[in-house]
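Protein chains in written order, with the numbering used here: chain D, 1 to 222; chain V, 1 to 591.
No lab work stands behind these hints, which were simulated from the structure alone.
Watch out, some of these pointers could steer you wrong.
Claimed, not checked - Straight-line distance between alpha carbons at most 25 Å, and here's what the computed PhoX-like set of lysine-lysine pairs gives:
(1) Lys37(V) x Lys231(V)
(2) Lys466(V) x Lys131(V)
(3) Lys436(V) x Lys162(D)
(4) Lys466(V) x Lys50(D)
Stated by the list, open to error - Label-pair distances were calculated between CB atoms; the ranges are:
(5) Asn92(D) x Ala223(V): 33 to 43 Å
(6) Asn92(D) x Pro73(V): 33 to 43 Å
(7) Ser165(V) x Lys162(D): 42 to 52 Å
(8) Arg170(D) x Gly501(V): 50 to 60 Å
(9) Asp209(D) x Ala223(V): 29 to 39 Å
(10) Pro151(V) x Lys195(D): 26 to 36 Å
(11) Ala499(V) x Glu214(D): 48 to 58 Å
(12) Glu149(D) x Lys100(V): 29 to 39 Å
Stated by the list, open to error - Far from chain D, by Cβ distances over 12 Å, these chain V residues were calculated:
(13) Gln57
(14) Lys59
(15) Gly84
(16) Asn166
(17) Pro414
(18) Val463
(19) Ala494
In this text, all values refer to a predicted model and were calculated from it rather than measured experimentally.
Glycine is no exception: its CB is placed at the ideal position from the N, C-alpha and C atoms.
Letter by letter, the chains look like this.
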Amino acid sequence: MENIPADNSGQIDRRQALKWIGAAAAAAAVFPHASAQDRLAPPSASPGGKRIGWDPLLNKNYVPGDLWALTLTPKQRKAAASLTDLILPPDNPSDKLPSQLGVQAFIDEWISSPYDETAKDRPVITEGLDWLDAEAQRRFQKDFAELAEPQKCAIADDICGKTAVKKEFRSAQNFFNRFRYLAASGYYSTPQGWKDVGYVGNVPTLNFDGPTPEALKHLGLA
Amino acid sequence: MAIITEKDLQPNYDVIVVGSGAGGGQSAYTLTMNGVKVLMLEAGRNYDPVTETPMFQSKADAPLLGMGTREKPFGFHDATVDGGWEVPGEPYTQASTDPKQRFDWWRARMLGGRTNHWGRISLRNGPYDFKPYSRDGLGFDWPLSYEDVAPYYDKVEMLVGVYGSNEGLENTPDSPNGTLLPPPKARAGELYVKKHVAKFGIPVIPIHRAILSTRQDHVNFPARLHPNNPKAQKIIAKAMQERAACFWATDCGRGCSIKANYQSTTVHLPPALATGNLDILCNAHAREVTVGADGKANGVIYIDKVTGQERAVKGRAVILAASSGETARILLNSKSNRFPNGLANGSGLVGKYIMDTVGAGLGGSVPAFENLPVHNEEGAGTHVYIPWWLYKDASKLGFARGYHIEFGTGRRMPGLGTGGASPGYGKSYKEEVRQKYGAGIGFAGRGEMIPNEDSFCELDPTVKDKWGIPVLRFHWKWSEHETKQAAHMEATFAMMIEAIGGKTRTPQADGSKAIDTGGRIIHEVGGAIMGANAKKSVANQWNQCWEVPNLLLNDGSAFCSNADKNPTLTIMALAWRATDHLIEEMRKGNL
Ligand SMILES: Cc1cc2nc3c(=O)[nH]c(=O)nc-3n(C[C@H](O)[C@H](O)[C@H](O)COP(=O)(O)OP(=O)(O)OC[C@H]3O[C@@H](n4cnc5c(N)ncnc54)[C@H](O)[C@@H]3O)c2cc1C
Ligand code: SF4
């Protein structure tokens with residue numbers, strides 16, 4: 001742990017940390033489990049889709065579509081992208097839109113997965129996205145993604161639950177809740193989402209410094 | 001000697017160790033450092049944390065943001081390989097369909113076992129914890145005392161590296177000066193809880209965890225660990241220097257590629273291998289211990305999982321450390337004319353008195369934590385805890401024994417569910433997400449279960465695993481001591497959440513509903529209890545089977561009580577002590 005720059009008050013450069021982890025780690029990404037000749041067959045794989053398995057390669061960055069095929073139609077995908085942007089607009093002009101960060105791909109991965117935990121979301125999300133386009137057509141004669149912002153808001157306001165939701169929009173509200181849960185989960189898991197929410201961890205430090213004076217003051221502990 | 005394949009097996013070993021987790025790792029370490037030739041059989045595959053650990057991967061780098069799945073119940077990145085609540089091809093069964101009588105069995109099939117992904121909480125049992133029967137007439141006294149184990153706690157703490165502090169509290173032992181590593185600072189929310197629960201007499205103190213907050217004292221520790229053994233000192237001094245200090249950034253449950261926390265695979269096995277006295281054979285599933293004409297253990301029959309073939313190896317002594325349930329299973333499956341009911345089972349107690357930890361939890365949201373000024377609160381998991389504080393009230397509580405409280409707050413890595421509870425959308429929604437992020441708290445009670453007649457395992461009469469080996473069938477029942485304790489936990493958590501101005505649900509007054517399912521806390525111990533009387537126990541105070549003195553049970557199976565303190569530090573201390581005794585007995589020619 002030598003060679004920590006003096007001006008770097010305890011913050012260790014991530015690259016330096018990766019060096020400690022060792023060059024071996026890089027090799028592992030290519031040839032990880034040389035001795036695992038005994039992989040067992042995973043249970044009930046979905047047709048055409050691979051499950052995660054009991055011994056997946058962990059030291060690898062996965063992207064949606066790596067394990068199982070994505071199944072939203074191009075039209076559904078477009079509506080999903082547009083709705084993520086409406087729910088999670090950028091804080092700063094230089095920030096990216098959620099759709100540019102690929103949040104809709106995560107939602108697609110989720111609803112396309114072979115897992116029971118996600119299966120119940122599949123009809124909710126796909127039917128909800130179809131409804132969204134149909135509702136946009138009914139009100140404004142365009143698909144949702146093509147609407148102007150106030151038009152999108154007119155629909156979202158009816159189903160987002162901030163004010164009382166009319167009976168005929170109950171299933172749309174259910175869709176919106178679930179969609180927002182997934183969109184927010186995907187978005188806040190990106191580096192930009194971390195910044196938005198004020199998460200500054202996953203960074204190696206020499207010491208654990210504990211709360212800042214400001215944080216202590218905030219809690220009446222200073 | 002090294003991690004070997006079958007063709008390199010020696011015809012004979014001094015000792016065969018089954019299992020490579022906390023118990024097996026410690027046993028192999030102690031033996032090989034003393035020049036004993038060891039073969040370790042491990043059912044799982046070879047596993048190398050240095051190359052395999054996903055250290056800085058974000059949740060977004062995992063499928064489904066790392067969601068827990070059937071194959072990876074604690075999340076994608078968790079360091080469990082070929083295991084979890086189920087292991088393909090290796091079932092276990094329940095004697096009852098009543099959900100309250102279930103026992104859920106967590107297993108890992110990998111080199112290092114559960115030590116790769118455990119929580120690293122490393123608390124010593126106190127003096128009371130070894131003599132519970134003498135204090136309240138329930139359960140069993142151990143055939144040893146805190147003073148017998150203390151020197152081994154000291155050694156294990158120095159060897160594996162444990163952070164924590166000495167607080168001088170009742171039945172919460174201090175370590176000798178210079179043994180523990182400094183504890184990390186408490187987080188903002190942890191300090192807030194400490195301040196607001198003090199009025200109830202509830203202490204919030206640094207927890208002890210097997211994490212290198214600083215590097216180990218590789219100059220002084222080796223001589224304290226291995227007096228008069230220069231070779232061992234040299235090897236462990238070098239091994240200590242190969243471990244880095246924690247950099248407070250990543251999730252220890254994924255394992256640690258810089259060896260800053262304790263896993264058998266990074267701490268016990270490398271120096272043991274460096275002695276040249278250890279062979280490790282992976283993918284070798286022990287089926288039974290074999291016995292010679294003299295009634296002593298003389299080897300192990302195992303399944304080579306690569307070929308599916310049955311094989312036999314020979315040793316002068318055998319140590320089982322396959323996790324307590326699996327150790328009981330191996331004993332029960334080791335039937336011979338001399339031992340028709342399973343090896344070392346003349347007492348009929350093999351499989352009996354299995355225990356887990358009493359668990360209950362309650363979470364809440366805390367407005368005071370909202371909009372906390374941004375700072376880094378990661379830092380390697382739990383920093384503080386609440387030890388049991390009501391020893392003086394024992395007669396008023398309505399249940400025996402006690403529990404400690406683990407709790408979590410803080411601005412941790414966002415993932416599934418971040419932003420979930422806020423209404424609306426757009427800028428106002430994002431504002432609220434920001435406000436609420438990190439404003440939660442979760443309390444978990446971890447309490448003592450008293451061994452009982454209704455909680456045991458036996459061989460299932462019909463079900464076998466994929467190699468044809470009979471599997472375990474579990475019987476489970478909590479007594480009122482445990483369920484009332486769980487209700488007490490919930491009421492305490494609600495009181496504390498209220499004291500910090502937080503919101504939560506109504507606490508569950510029915511303890512049988514509050515308590516977690518048996519096995520769920522994964523503090524599996526018992527099943528071959530130790531005692532002072534050969535008729536009423538399976539092993540003596542040195543984990544030595546009464547009927548087969550060259551057979552040791554060095555995992556948690558010989559525990560005859562399960563204090564609220566998490567068991568692993570004690571497993572390691574007792575394994576070290578038992579192994580020292582074994583070496584002595586072998587040297588004297590007694591075995
Ligand atoms: C998520 C989690 C968190 C935990 N947190 C804590 C904590 O904070 N503090 C604490 O004290 N404890 C904790 N524990 C418990 C702790 O992991 C165990 O107490 C400890 O690992 C027990 O060591 P062991 O050697 O008995 O078993 P294990 O570590 O499970 O090792 C047993 C080994 O034996 C092998 N094996 C099994 N059967 C056979 C066979 N037939 N032949 C050959 N090999 C076999 C297994 O593959 C395994 O590698 C936790 C456990 C889990 C899962
Ligand atoms: S937090 Fe520290 S001990 Fe835990 S995995 Fe990261 S570096 Fe290792």
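Results for each hint:
1. Distance check on the hinted pair: Lys37(V) and Lys231(V) sit about 15 Å apart at the alpha-carbon level, within 25 Å; holds.
2. The hinted pair formed by Lys466(V) and Lys131(V) fails the criterion: a straight-line CA distance of about 42 Å is larger than 25 Å.
3. Taken as a hint, the Lys436(V) and Lys162(D) pair is honoured in the structure, with Cα atoms around 17 Å apart against an allowance of 25 Å.
4. At roughly 23 Å between alpha-carbon atoms, Lys466(V) and Lys50(D) fall within 25 Å of each other, so this suggested pair holds.
5. In this structure the supplied range 33 to 43 Å is violated for Asn92(D) paired with Ala223(V), their Cβ-Cβ distance being about 58 Å.
6. About 39 Å separates the C-beta atoms of Asn92(D) and Pro73(V), a value consistent with the hinted range of 33 to 43 Å.
7. In this structure, Ser165(V) and Lys162(D) meet the distance hint of 42 to 52 Å, their C-beta atoms being roughly 48 Å apart.
8. Restraint check, Arg170(D) to Gly501(V): a C-beta distance of roughly 35 Å breaks the suggested window 50 to 60 Å.
9. Checking the proposed 29 to 39 Å range against Asp209(D) and Ala223(V) shows it holds: the Cβ atoms sit about 34 Å from each other.
10. Remark: the range hint 26 to 36 Å for Pro151(V) to Lys195(D) is contradicted by a beta-carbon distance near 51 Å.
11. The supplied range of 48 to 58 Å is broken by Ala499(V) and Glu214(D), whose beta-carbon atoms lie about 24 Å from each other.
12. Taking 29 to 39 Å as the suggested C-beta distance range, the pair Glu149(D) and Lys100(V) does not conform, at roughly 54 Å.
13. Annotated as non-interface, Gln57(V) brings its C-beta within 12 Å of a C-beta of chain D; the closest such distance is 6 Å.
14. Under the 12 Å C-beta cut-off, the non-interface status given to Lys59(V) relative to chain D is violated; the minimum distance is some 5 Å.
15. Against chain D, the non-interface label of Gly84(V) is violated: not every CB pair exceeds 12 Å, the least being about 7 Å.
16. Residue placement check: Asn166(V) keeps its beta carbon more than 12 Å from all beta carbons of chain D (closest about 20 Å).
17. Once the 12 Å rule is applied to beta carbons, Pro414(V) is inconsistent with being away from chain D; the minimum gap is 4 Å.
18. With a minimum CB-CB distance of about 17 Å to chain D, Val463(V) clears the 12 Å threshold, and the non-interface call stands.
19. At roughly 21 Å, the least C-beta separation between Ala494(V) and chain D is larger than 12 Å, which holds for a residue marked as non-interface.
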